[in-house]
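Peer 1: Sequence:
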Amino acid sequence: MVQEDKTGPSLFQPVDDSVRDRARALIDGAPWAALGTLDPDGAPELSRVLMARDTDGVPVLLLSQLAPHFAALAADPRCALMVGIEGRGDPLAHARLMLSGRATRCTTPDPARRAAFLERHPKSALYIDFPDFAFWRVDITRATLNGGFGRAHILSPPDLLPDGAEGDVTSPAP
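Quick note: the sequence shown uses full-length UniProt numbering, first residue 1, plus one each step.
Calculated directly from the structure, the hints in this document are not laboratory data. Idealized CB from N, CA, C, for every residue including glycine. A portion of the hints provided could be inaccurate.
To be verified - So the derived label-pair ranges between C-beta atoms look like this:
#: 1; residue 1: Phe130; residue 2: Pro31; range: 39 to 47 Å
#: 2; residue 1: Ala25; residue 2: Pro122; range: 18 to 26 Å
#: 3; residue 1: Arg22; residue 2: Thr108; range: 43 to 51 Å
#: 4; residue 1: Gly148; residue 2: Ile128; range: 31 to 39 Å
#: 5; residue 1: Asp90; residue 2: Arg22; range: 12 to 20 Å
#: 6; residue 1: Trp32; residue 2: Phe149; range: 33 to 41 Å
#: 7; residue 1: Arg88; residue 2: Arg151; range: 38 to 46 Å
#: 8; residue 1: Phe149; residue 2: Thr107; range: 22 to 30 Å
#: 9; residue 1: Ala25; residue 2: Ala75; range: 15 to 23 Å
To be verified - Straight-line distance between alpha carbons at most 25 Å, and here's what the computed SDA-like set of lysine to any residue pairs gives:
#: 10; residue 1: Lys123; residue 2: Arg105
#: 11; residue 1: Lys123; residue 2: Ala67
#: 12; residue 1: Lys123; residue 2: Pro111
#: 13; residue 1: Lys123; residue 2: Thr107
#: 14; residue 1: Lys123; residue 2: Asp76
#: 15; residue 1: Lys123; residue 2: Pro40
#: 16; residue 1: Lys123; residue 2: Ala43
#: 17; residue 1: Lys123; residue 2: Thr104
#: 18; residue 1: Lys123; residue 2: Ser156
#: 19; residue 1: Lys123; residue 2: Pro162
#: 20; residue 1: Lys123; residue 2: Asp17
#: 21; residue 1: Lys123; residue 2: Gly150
#: 22; residue 1: Lys123; residue 2: Ser18
#: 23; residue 1: Lys123; residue 2: Pro109
#: 24; residue 1: Lys123; residue 2: Pro44
#: 25; residue 1: Lys123; residue 2: Thr55
#: 26; residue 1: Lys123; residue 2: Asp28
#: 27; residue 1: Lys123; residue 2: Gly89
#: 28; residue 1: Lys123; residue 2: Asp159
#: 29; residue 1: Lys123; residue 2: Phe149
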């Protein structure tokens, strides 16, 4: 079923609970995310990062000050994340989720955030407490799920929160 809008037919499919579940599964199950930032000169950059959910369900990253994306986000918080789960065959046939938003550095220590990140990425225990690392929340403004050929959906930020989460996906980080 193709949705209609004021400019004609849309190529995006409707969003239902199965689409929301698939997008959430990608956030929760992807082993890493591609982070897109703008360097201080405005050039786009991509990095591979670990992502988990903050205590309220919002995506959170653990980044080192030594990485170029740390300085890029400090200068311009606009960013994008792409998550997907690899599989066999044509990679374009596999689901992937593109998230756009604004990253905010978390300046207040939060033991629950740290524990949630370690639960998702236990090997990060090797460096999570290094002084050059900090958490960044990504407050999502736009999300697109490409579920494979002919299965594209535009989701709202609340569509991405886990069931029962009461987080504000657009609130600044503490």
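Peer 1: For every hint, state whether the structure bears it out.
Peer 2: Consistency of the hints with the structure:
At about 21 Å, the CB distance of Phe130 to Pro31 disagrees with the hint of 39 to 47 Å. A hinted range of 18 to 26 Å holds for the C-beta pair Ala25 and Pro122, which are about 20 Å apart. Distance hint check for Arg22 and Thr108: the Cβ-Cβ separation is about 33 Å, which falls outside the suggested range of 43 to 51 Å. Between Gly148 and Ile128, the C-beta spacing of about 35 Å keeps the proposed range 31 to 39 Å intact.
Asp90 and Arg22 have their C-beta atoms about 18 Å apart, which keeps the hinted 12 to 20 Å range intact. In this structure, Trp32 and Phe149 break the distance hint of 33 to 41 Å, their C-beta atoms being roughly 24 Å apart. At about 18 Å, the CB distance of Arg88 to Arg151 disagrees with the hint of 38 to 46 Å. Look at Phe149 against Thr107: about 43 Å separates their beta carbons, and that is not inside 22 to 30 Å.
Separated by about 33 Å at the C-beta atoms, Ala25 and Ala75 break the suggested range of 15 to 23 Å. The straight-line distance between the Cα atoms of Lys123 and Arg105 is roughly 22 Å, inside the 25 Å bound, and the hint therefore holds. Taken as a hint, the Lys123 and Ala67 pair is honoured in the structure, with Cα atoms around 19 Å apart against an allowance of 25 Å. Annotation: proposed proximity of Lys123 to Pro111 holds, straight-line Cα distance about 17 Å (limit 25 Å).
Taken as a hint, the Lys123 and Thr107 pair is honoured in the structure, with Cα atoms around 23 Å apart against an allowance of 25 Å. Taking the CA atoms of Lys123 and Asp76, the gap is near 29 Å; set against the 25 Å cutoff, the hint is violated. In summary, the hint linking Lys123 to Pro40 is not supported, as the alpha carbons are separated by about 31 Å, beyond the 25 Å threshold. For the hint linking Lys123 to Ala43, the alpha-carbon distance of about 31 Å lies beyond 25 Å, and the restraint is violated.
Between Lys123 and Thr104, the direct Cα distance comes to roughly 24 Å. Compliance with the 25 Å bound is thereby established for this hinted pair. A hinted pair counts as satisfied when its Cα atoms are at most 25 Å apart, and Lys123 with Ser156 does not qualify at roughly 32 Å. The suggested pairing of Lys123 with Pro162 holds, with an alpha-carbon distance near 24 Å, which does not exceed 25 Å. A C-alpha spacing of about 33 Å is found between Lys123 and Asp17, which places the hinted pair above 25 Å, so the restraint is violated.
With a C-alpha separation of about 37 Å, the suggested pair Lys123 and Gly150 falls outside the 25 Å cut-off, and the hint is violated. Annotation: proposed proximity of Lys123 to Ser18 is violated, straight-line Cα distance about 31 Å (limit 25 Å). The straight-line distance between the Cα atoms of Lys123 and Pro109 is roughly 20 Å, inside the 25 Å bound, and the hint therefore holds. Our distance criterion of 25 Å between C-alpha atoms is broken by Lys123 and Pro44, whose separation comes to about 29 Å.
About 19 Å separates the Cα atoms of Lys123 and Thr55, which keeps this hinted pair within 25 Å; it holds. About 16 Å separates the Cα atoms of Lys123 and Asp28, which keeps this hinted pair within 25 Å; it holds. Pair hint Lys123 plus Gly89 does not hold up; C-alpha atoms about 29 Å apart against a cutoff of 25 Å. For the proposed pair Lys123 and Asp159, the alpha carbon gap of about 29 Å is over 25 Å, so the pair is violated.
For the proposed pair Lys123 and Phe149, the alpha carbon gap of about 35 Å is over 25 Å, so the pair is violated.
Consistency note: the structure conflicts with the earlier hints numbered 1, 3, 6, 7, 8, 9, 14, 15, 16, 18, 20, 21, 22, 24, 27, 28 and 29.
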